[in-house]
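Asker: Chain residues, written in single-letter form:
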Amino acid sequence: MTAMGKAIPAPVGLLAELTHRCPLRCPYCSNPLELDRRADELDAAAWKDVFSQAAALGVLHAHLSGGEPAARRDLVEIVAHCAKVGLYTNLITSGIGLTGALVNELAEAGLDHAQLSIQDSEPESADRIAGYAGAFARKQAVAAWIAQAGLPLTVNAVIHRANVTRAGKMVELAVALGARRVEVAHTQYYGWGMVNRAVLMPSLAQAEAAIAEVETLRKVYAGVIVIDHVIPDYHARYPKACMGGWAKRGLNVTPSGKALPCHAAETIPGLAFWNVRDRSLEDIWMNSPAFNAFRGTDWMREPCRSCERKEIDYGGCRCQALALAGDAREADPVCHLSPHHDKVAGVAAAINACESLGQDGSGGEPDYVYRGMKLFEPAQ
Amino acid sequence: MTEAPRTGPSSKPRLPRGVRLKHDETRGEWLLLAPERVVKTDAIAVAILQRCDGIATFEAIVDDLAATFSADRARVESDVRALLEELAAKRMVDL
Chain A
1 MTAMGKAIPA
11 PVGLLAELTH
21 RCPLRCPYCS
31 NPLELDRRAD
41 ELDAAAWKDV
51 FSQAAALGVL
61 HAHLSGGEPA
71 ARRDLVEIVA
81 HCAKVGLYTN
91 LITSGIGLTG
101 ALVNELAEAG
111 LDHAQLSIQD
121 SEPESADRIA
131 GYAGAFARKQ
141 AVAAWIAQAG
151 LPLTVNAVIH
161 RANVTRAGKM
171 VELAVALGAR
181 RVEVAHTQYY
191 GWGMVNRAVL
201 MPSLAQAEAA
211 IAEVETLRKV
221 YAGVIVIDHV
231 IPDYHARYPK
241 ACMGGWAKRG
251 LNVTPSGKAL
261 PCHAAETIPG
271 LAFWNVRDRS
281 LEDIWMNSPA
291 FNAFRGTDWM
301 REPCRSCERK
311 EIDYGGCRCQ
321 ALALAGDARE
331 ADPVCHLSPH
341 HDKVAGVAAA
351 INACESLGQD
361 GSGGEPDYVY
371 RGMKLFEPAQ
Chain B
381 MTEAPRTGPS
391 SKPRLPRGVR
401 LKHDETRGEW
411 LLLAPERVVK
421 TDAIAVAILQ
431 RCDGIATFEA
441 IVDDLAATFS
451 ADRARVESDV
461 RALLEELAAK
471 RMVDL
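Protein chains in written order, with the numbering used here: chain A, 1 to 380; chain B, 381 to 475.
Derived by calculation from the structure, the hints in this document are not laboratory data.
Please note that a few of the clues may not be correct.
Facing chain B, according to a computed beta carbon distance under 10 Å, are these residues of chain A, among others [unchecked claim]:
#1 P9
#2 V12
#3 L57
#4 V59
#5 L60
#6 H61
#7 Y88
#8 A114
#9 G150
#10 L153
#11 T154
#12 R181
#13 I225
#14 D228
Under the rule of at most 20 Å between Cα atoms (straight-line distance), these lysine to aspartate or glutamate pairs were calculated in the DMTMM-like manner [said to hold, decoys possible]:
#15 K219(A) <-> E465(B)
#16 K470(B) <-> E215(A)
#17 K219(A) <-> D474(B)
#18 K402(B) <-> D422(B)
#19 K248(A) <-> E405(B)
#20 K420(B) <-> E405(B)
#21 K240(A) <-> E215(A)
Covered stretches of chain B (in silico footprint by chain A; criterion: 3 or more residues with CB under 8 Å from a CB of chain A, positions within the stretch not fixed) [claimed, not checked]:
#22 405–412
#23 467–474
Glycine residues also receive a C-beta, built at the ideal position from the N, C-alpha and C atoms.
Sequences and hints are given; from them, build the entire structure.
Answerer: Here is the structure:
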């Protein structure tokens, strides 16, 4: 129960970042700029305890993510435990690091579903975006192993300027890879995505063309593939209901055990994050100051406080409010009612202007800051 | 254009791997779990889905439900068809 006396619903999903290690270096990675080290990662016993607690707390979906979860040698052991405690277990993978034998072991251990990222439908561009030669070809093999193991597959495609003209082709690739579901998600600008925003953001015209193309395919492939479409919020009128509401439906646990209301929450200053090494998951979910900071609607300022949509979009994204309006308690500036909306509109307008000058990213190679450890390693 | 999936009398509907019917102790209700989806299911849907084992035909499922619940067969058939085709369109049931 909160101080207001309202019951806190049980979390539905737990996203476990088993490791931040990943062979890919995608410039829009949702991991924080400061990545956890291998030495700081929770061990298998600690993760198993987290999943036991999660199941008891009412979590239904366990999302095993990273980094690349296959970078952990104890992945099968962790999956088997999730299955044992009755969690619906979803592997979110780049595919790199998986082998046919490992996929079979994961299926036998009780994995329910696999989600494989693709970077583009064009091999050369895909490998450039991933920062990893041969990634595209390897992913084709991984998709086949997943199908052979009898596991249902979702393909996850992140859309940005370098592949925005091939959004439809990526859906078709997902169908060809045997996916039952595809997530087409326009890039969100947090962490590495924010660092690379100027080279990732498509123009409004490009985004709208991609959205229309994918929406058309929804009808074409009805009953063949389910399309989940995350459209870009910088061009929207209202913000997204980020995380379905802060600390309302799910939580993240980082490789070193910090429990977060969302993957970017650590960017918000002044929030203290409790660790699963020190506290029970239930204690964290119910009582952690970080989880209660923006739970419900009592924290809201205007224009959210009196807005009729406050229970629909919950004021949008707290991290985006911080990044663009300078304060996590403000309305998400994506909202046209936000006094800071001009900042979003300004970014979008600048991108649109670049496109009209012919700098649409379709020609030369984009100058990404690739995700990696190196940037932040202390000088030797 | 792909046709929307349809049931026939000899369809053998089943929940594919990756879709699970689960009684959730925390919330005290039956839920259908799928990738990124949680669907609340009422008692009728549960009775239907528990019979979708990939062995029983659509016809046999309807007969069984009509007998079990002493219900009008035509009504049962239309309810079962509506539920299964809706879930098949979401790829949560294979027909």
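Asker: Can you name, in rising order, the numbers of the hints this structure does not satisfy?
Answerer: none
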